[in-house]
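Asks: Make the full structure from the sequences, and use the hints.
Which chain is which? The protein sequence lines are A and B, in order.
full-length UniProt numbering numbers the first residue of the first sequence as 1 and each following residue consecutively.
full-length UniProt numbering numbers the first residue of the second sequence as 1 and each following residue consecutively.
Hints listed in this document are in silico derivations from the structure and should not be mistaken for laboratory results.
Misleading hints may appear alongside valid ones.
Said to hold, decoys possible - Here are the simulated DSS-like pairs of lysine-lysine, each with C-alpha atoms no more than 30 angstroms apart in a straight line:
hint : chain 1 : residue 1 : chain 2 : residue 2
1    : A       : 800       : B       : 245
2    : A       : 673       : A       : 463
3    : B       : 280       : A       : 800
4    : B       : 280       : A       : 797
In case you want the letters, here they are:
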Amino acid sequence: MNDMTPTREQREAALEGMGCKRKRVEDIRFTQGKGKYVDDIKLPGMLHGDFVRSPYAHAKVTKIDATEALKLPGVIAVLTAEDLKGVNLAWMPTLAGDVQMVLADGKVLYQNQEVAFVVAEDRYIADDAVQLVEVEYEELPVLVDPFKSLDPDAPVLRPDLDGKMEGAHGPRKHHNHIFNWSVGEEEATDKAFAEADVTVKEMISYHRTHPSPLETCQCLASMDKVTGQLTVYGTFQAPHVVRTVASLLSTIPEHKIHVIAPDVGGGFGNKVGVYPGYVCAIVASIVTGLPVKWVEDRMENLSTTSFARDYHMTTEIAAKKDGTVTALKVHVLGDHGGFDACADPSKWPAGFFNIVTGSYDFPVAHLSVDGVYTNKAPGGVAYRCSFRVTEAAYCIERGMDVLAQKLGMDPADLRLKNFIQPEQFPYNSALGWEYDSGDYPTAMHKAMDAIDYRGLREEQKAKQEAFKRGETREIMGIGVSFFTEIVGAGPSKNCDILGVAMFDSAEIRIHPTGSVISRMGTKSQGQGHETTWAQIIATEIGIPASDITVEEGDTDTAPYGLGTYGSRSTPVAGAAIALAARKIRNKAQMIAAHMLEVSEYDLDWDVDGFQVKGNPERRKSMKEIAWAAYHAPPAGIEPGLEAVSYYDPPNMTYPFGAYFCVMDIDVDTGVAKTRRFYALDDCGTRINPMIIEGQVHGGLTEAFAIAMGQEISYDAMGNVQGASFMDFFLPTAVETPHWETDFTVTPSPHHPIGAKGVGESPNVGGVPAFSNAVNDAFGFLGATHIQMPHDAWRLWKVAKDLGAHG
Amino acid sequence: MIPGEFTYHRPASVAEAIALLVDHGDEARPLAGGHSLIPMMKLRMAAPEHLIDLSGVADLKGVSQEGDVITIGAMTTQAEVIGSALLTDKLPILRETALLIADPQIRYVGTLGGNVANGDPGNDMPALMQCLSASYVLAGPDGTREVSSRDFYEAAYFTALAPEEILTAVKIPVPAPGHGYAYEKLKRKVGDYATAAAAVMLTMSGGTVSSCAIALTNVGDTPLFAEEAASILDGSTLDRETVKKAVAAAEAITMPASDGRGPAEYRTKMAGVMLERALKRAAERAQG
Ligand SMILES: Cc1cc2nc3c(=O)[nH]c(=O)nc-3n(C[C@H](O)[C@H](O)[C@H](O)COP(=O)(O)OP(=O)(O)OC[C@H]3O[C@@H](n4cnc5c(N)ncnc54)[C@H](O)[C@@H]3O)c2cc1C
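Replies: What follows is the structure in structure tokens.
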């Protein structure tokens, strides 16, 4: 070796593989405004669609008159449910096994529901024409409160389900009832409660909110009447699923449908579902033979396409005097709005809410979830979480604090006492999951030391005394959250979407000169797949990440995949990538053996090539092997170097973390200031620490927003409140707290590279940390549970009701 | 979120602008920075058929002092207010308040004239103008007139401005050197209008208040000039009891709407808290 030969370390660094803080390659175009989003795509002759929407939350639609609208120059068509019936598309199936109106069919069930679709030559004309469509309504009694849904005299929201007492998930017990889902051992749980030293019960609500991607939902449909080919560009998190659903709905053969998700400006669950806008744009393109674009505005986005949460969780914990938990019982009332359009794996009506036993060793538990209809927008998406895991984490983390308060125990100590211990993994939870791995005590102790937890408690005590003496008007709260996530949906044995198993895929092709194109069934919406997928490949096959192109989102070129949501990309597609890469490496090993004239078994893999055992000078780099694969393939070996892998995970992965929030609240204004927020995440193997940090920052910011004010609410008439960024709390950099991040590493034992997924942990774990901090601050004044969101006026009201205003 | 159709005009002088307003009557609206008007047009809560853009009228810009009066042209942007050395020196409360409006992008375009002419109780400048005893110069087909900011606001979006008039400038008497001042604003986040805000101007001599003015933002359908609260404080040492009385008097004149910022009860109380805090800060700043 001469001096110019790079060292092993240099070769490794040149790969920018796993573990490297590689800068995001996609940012080069995003930061220059050169991303290509749906609305940047303009096709010749393109038309624009816009919706006439209902001002009422519940009403009969007695007449739709488009005469005046059609007179406006530039207006091409106005579609109503009657038109859609002609193509059997007035209603569409939802992911949750319900059906949903595409356009109002005789009635509307929520404010801003889609009533008619105007198609015009430009967006301005379309919007003008929307004002000219005359719709007559006959108002019906409005049902807003989910707790009144099942009253005997509650209004009938869904006459289409009249007499249908069997739903997609079993029997329905009332005309507004959707399903009941029960898990666990009820009798044993009741027995444990009867025998408990201490029990607590609290109705813990997780209010309705909404994801806020910068780019709203939108699509551009183009039907080529000559070839019969339908092309749909859209903001899709799961483009292949959209293709399959579009084929099933339209009866256009699947090979004649081409779905392209270009750059997607954030998803957070909002872009998983199929919305009326997509169906209408497709139908309008089929009818007119011209491309039709539909772009949602912000108010439409916040008020219609898929809310999140709205779970009302009656939570009971039984425990011994020393704090050992003995049973958990939860009943959830889920408000699903007018249609059950939850985006969950099909067999899971409440998602993975049965992860609600959290990080604790509950011997028994029982969970029962009832889904009900109300006059609100449909949805129930996993807003940066894995299918109702956020609700579950909030439920148990708040519940543990309620128990700690009742026992007079420190909430961190109560958690430490009840953790599932490292030696218990794989751990079978009382509600049916097999946790793959974890080391909770180590993470918790590391976090407590990092923030000087005991010191903070001392400070808090002193501040409480000072407050009682009237020396300060500020109270201090310390929020503890130790969450366990369940991500990576999922194993085909329990996860499918409309019958399609939730595997994922990767295809990798090595070019003769040793650079790479790779395609996956996932779709980045900001997660940085172009960067991290290349890093996995780089480490696995020794080709620098900078020589690897990653492409997603085009169903004609990418292998079939179930898309990106629920932190599933790394656990599922990440594994497929590693396995496809290993197939390539195996073939490369055969080629290298031939080139070096040794047996395959005499070769060792070394960073970026193979070397002869005991004679490392004799080696072939991956680049040399690639050239040989195309230039002089050994006899008996197919030329070329590429592989496809479809990965059906054997289990979910279970990321976890310890979050602490320190907050000061001004009781006179209710304004809460987050002094410190410390987040320790364990997501197993860390592919790109910088991207992890970015994901954690973003997710914590959402958690902060949700806990401290972000809300979609309705007045008594079903008018949606605050569906604009003036009122809907989207914090800016000014309000957002400073984040301290940290980690431990407990690799997943069943994942090829040990990675678990991290994108959603901060939202899941962050919300309880904030809410627990608020509750902790008010606890000494007598509060037991304070409902979110914790915006200033509500906290002021809490302070007032607790007598803090004198 | 797309405005209706309109015709765009860009006059070069005040006279031309007024002529356009006279020609088009109720269908016309002056356009300044557009950061209140355009959002309303996008929501189709306003649908003017003619927009008279004032940004080409050079006479409407600039800050100057003549004797005891500072004149600020209507088209002076909020960012220019913040950047003005004269205003920072003589009227620091104007800068303090402007910095609490929206965000830098909006302040680069939004104007002082638009802010005070808009008539939205959420705007911060109107209450401040009342506190400062400012008056507005209104130019119309029959010449110009001056209206005190304390008489200008009638109800939400209703002001003394006639449809064919333009607000050309704001005139503010220069406050005494050594005065204390504070604008306290409670808001949910950057870019939000006030949950409640209070403007205070004070002069002190020998530890007692020798003059005081108070006005409140966004707790009624107009800005509120809190005359009684101020008179209670006059001559006091700002002792706890007197401040309490003044705060109660200020709270008594509020009539806020309940909205996402909180119920009326909360916003009234916050007007009181903001006033108390503004008084404290103003007193700390006052010399004498
Ligand atoms: C997100 C956001 C947050 C904001 N937050 C705040 C805030 O916290 N506090 C605050 O005070 N403001 C706030 N604003 C409003 C902002 O300050 C506006 O710029 C200001 O209210 C209006 O000024 P403008 O120059 O943009 O006027 P425009 O929007 O152009 O005009 C407003 C109205 O005044 C009329 N008008 C304008 N100029 C004249 C004139 N010279 N003569 C006669 N009539 C005239 C117009 O016809 C129109 O009716 C916010 C705006 C936005 C978009």
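Asks: Next pair to validate is residue 280 (chain B) with residue 800 (chain A); report whether the Cα-Cα distance is within 30 angstroms.
Replies: OK: residue 280 (chain B) and residue 800 (chain A) at ~23 angstroms, within 30 angstroms.
Asks: Between the alpha carbons of residue 280 (chain B) and residue 797 (chain A), is the straight-line distance 30 angstroms or under?
Replies: Holds, at roughly 24 angstroms.
Asks: CA of residue 800 (chain A) to CA of residue 245 (chain B), is that 30 angstroms or under?
Replies: Given that 30 angstroms is the threshold and the Cα spacing comes to 20 angstroms, the pair holds.
Asks: Measure nothing beyond the straight line between the CA atoms of residue 673 (chain A) and residue 463 (chain A); if it is 30 angstroms or shorter, mark the hint as holding.
Replies: holds, 15 angstroms
When the structure is compared with the earlier hints, no violation turns up for any of them.
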